[in-house]
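**Student:** In order, the protein sequences belong to chains A and B. Going by our numbering, 155 is the number at position 155 of the first sequence; the sequence numbering is gapless. Just remember that our numbering sits 1000 ahead of the position in the second sequence, which is counted from 1.
Errors might be hidden in some of the hints.
Keeping only pairs whose Cα atoms sit at most 25 Å apart, straight-line, the calculated SDA-like set for lysine to any residue is [claimed, not checked]:
| id | chain 1 | residue 1 | chain 2 | residue 2 |
| --- | --- | --- | --- | --- |
| 1 | A | K11 | A | P108 |
| 2 | A | K140 | B | P1012 |
| 3 | A | K131 | A | L78 |
| 4 | B | K1073 | B | M1116 |
| 5 | A | K140 | B | S1011 |
| 6 | B | K1103 | B | R1055 |
| 7 | B | K1073 | B | V1018 |
| 8 | A | K131 | B | G1050 |
| 9 | A | K131 | B | P1012 |
| 10 | A | K11 | B | S1134 |
| 11 | A | K11 | B | E1189 |
| 12 | B | K1141 | A | Q29 |
| 13 | A | K22 | A | G51 |
To be clear, the hints were calculated from the coordinates, so they are not data collected in a lab.
The residues making up each chain are set out below.
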Amino acid sequence: MRDKKRYVLAKITPAWACPETKSLYLVVQEAITSLWGDVIAAGIQMAVVYGDREFCIIRCRRGCEDRLATALSTVSCLNEQGISLRSYAVSGTIHALKRRIEKCRKGPVPAAKELVIGERTFEAYYFPGQKVDVLEKGFKSRELLFLTETDIEEM
Amino acid sequence: MIATDATVFPSPLGNTSVRRMVLETRELGFDSIVAIGQPGWQTGDFSVIGGTLIREPQMKAVINAARTNSSGKGLLVVNAGNNTFNRAIIQVKGVHVIRHFHKTEKNSFDHIIARMLAENHVAVDIDLRPLVLSRGVWRQKTIQRYKDIVRLYERFGFPLTLSSNARSVLELKSVREMVGLASLVGIEEPDVRVALATIQTLLSPVGPVQVVT
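Isolated chain B (complex conformation) (with noise of 0.2 Å):
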């Protein structure tokens, strides 16, 4: 996979079906993306995959979701909540994305949960719905935390990605258009070349060589 949208939301959640969805992002050059309450399936060189989304901040929801999800094939989103919390779910397995951390406290995230993500291999998206559709203040505040959180991605490496989080056909971005928007919020094109692909890595991680006998 080459680039992935970590979440989109097509019908019923959206107005937009999911094969359009398919139609419409693979245009847009994308080969995959993530739609929130729908199973995965491929059609030709395009992935669909499943995801769930947990809003509510509450472990024994993640955890449910981990346990439903223990196939590992679709991708368990995780809405952040406060400092324990995110420290809590980041150490359940299954859990493969925390996002909306600039809707939280500001003490939400720090370099300890920067190098937990780090070591368990636990993304953190990147919406970038609220740098389009909101102005002023809170888009300021906004671009402040994803700042913020960039700045400790650099430090720590933890695993990014980049979502359109659209419900809408007319919401979907391109992925030059990813580029243009992460950039507001320091995030170079290599990096959104590598946060882009980054689900792959989740979905699949590689790990040490096991010997079968």
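In isolation and in its complexed conformation, chain A is listed as follows (with noise of 0.2 Å):
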């Protein structure tokens, strides 16, 4: 019997973690199965249906779209990076989510320059708003702060 569904778009952060599809339906997968139980997941029938950089739309059996919501807003972490999901809008249909992905999008996600803090090297990723993330360069325990551009001024 085929089921109403319906989509959930939900706001990846950091934009630059740049998650694959596969990767989000694991991480999501195991956020529902861990908060509701083995029955309930089965009962969401979650799928991840499109991701880009910054956003992605999750499907559910419609009903589901409140459990499904809770149990994004507790993943933290995607391959030991910490990443959040923000559920954003709910919708019918993929159509009516990729127009509002367009009216959200603030722009290309911005490419990294590169920022000497003391004697640390640093990654900066400069967002509209005045927001910059900033990654240390390197192989282990890369620092992230997240700063505003009169925090590097005042730096």
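The two chains are supplied separately, each in an independent frame; assemble them into the complex guided by the hints.
**Tutor:** In structure tokens form, the structure reads like this:
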């Protein structure tokens, strides 16, 4: 039997994390199962149907969208990288959510610029609204800072 | 104030500057935050309330902090301890919020403490971070403890606050997410809205009318 579906639009933070759709699926499935258990997880029928760098669209059975949204807010980590998935909107069609993405998007994800603070080198991502994500260059224990342009000027 | 995140940890306690926290929480539907270890300030219609957190269960530290914060502009938050300690700190004038009951023994929160909280207008903070970060038995125990608190909240009506306890932008929660997470422990949406607005009533409580001559 074919069930009615609902689609949840979620924003991926940080935007430079670039998770793959399959990784997203696995992390959301784990969050749903650990929060609601196997029986309800089976009923939710979750699937990641669209994903880009900033947004993803997740499908579920109609009536389960609140449970899915709550489970999304318990996602905190993806491949040992801190991440958050914030549900933005719910719709009955993917098309409507894609139009919503175009409205919400504040331009392309910026490229990394090199930033030197003291003796350390960082990759800085400058976002609209004065936001700057700063990620230390290196291989191990890279420090991640969330700052504003004013903070960087004062450093 | 309509919605306040009752505890966030900007840098140096976390990895996010307080200005960035302000930008992000404003987008998430809040109009104020309690920033631990920061002075209070205002930017436009957004307020940053300075907060002091007492982690160690020692009366001396609580009394000293209450004395330092005697102006009442900042929020004094104390981590819960055993039953005796909790009863004592509720009676200290200047203590606004007690949190982390889920980390204490089961008998540390009972109906007597609930009544004292209501009488002294001291809030219990529901920290949503363990619901997000922990899994399995630890999360189940936290939910169980929070449900016990909510049951006594419904009976005695003491103030309740909600906090993301975020150390990073990634751990901040929107108002809608808080409604969803709070529903896990039995707090309905109207009560969530009240809890998000509680900080204002703690800082400027409505008292009896005083006649000034």
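**Student:** State for each hint whether it applies.
**Tutor:** Hints, one by one, checked against the model:
1. A:K11 - A:P108: Measuring from Cα to Cα gives roughly 14 Å; hence the hint holds.
2. A:K140 - B:P1012: holds (21 Å)
3. A:K131 - A:L78: Given that 25 Å is the threshold and the Cα spacing comes to 22 Å, the pair holds.
4. B:K1073 - B:M1116: Between B:K1073 and B:M1116 the Cα gap is close to 23 Å, so the pair holds against 25 Å.
5. A:K140 - B:S1011: holds (21 Å)
6. B:K1103 - B:R1055: Roughly 12 Å between the alpha carbons, so the hint for B:K1103 and B:R1055 holds.
7. B:K1073 - B:V1018: holds (18 Å)
8. A:K131 - B:G1050: Distance ~22 Å between A:K131 and B:G1050 Cα, so the pair holds.
9. A:K131 - B:P1012: holds (18 Å)
10. A:K11 - B:S1134: holds (22 Å)
11. A:K11 - B:E1189: holds (23 Å)
12. B:K1141 - A:Q29: holds (22 Å)
13. A:K22 - A:G51: holds (10 Å)
Of the numbered hints stated above, none is contradicted by the structure.
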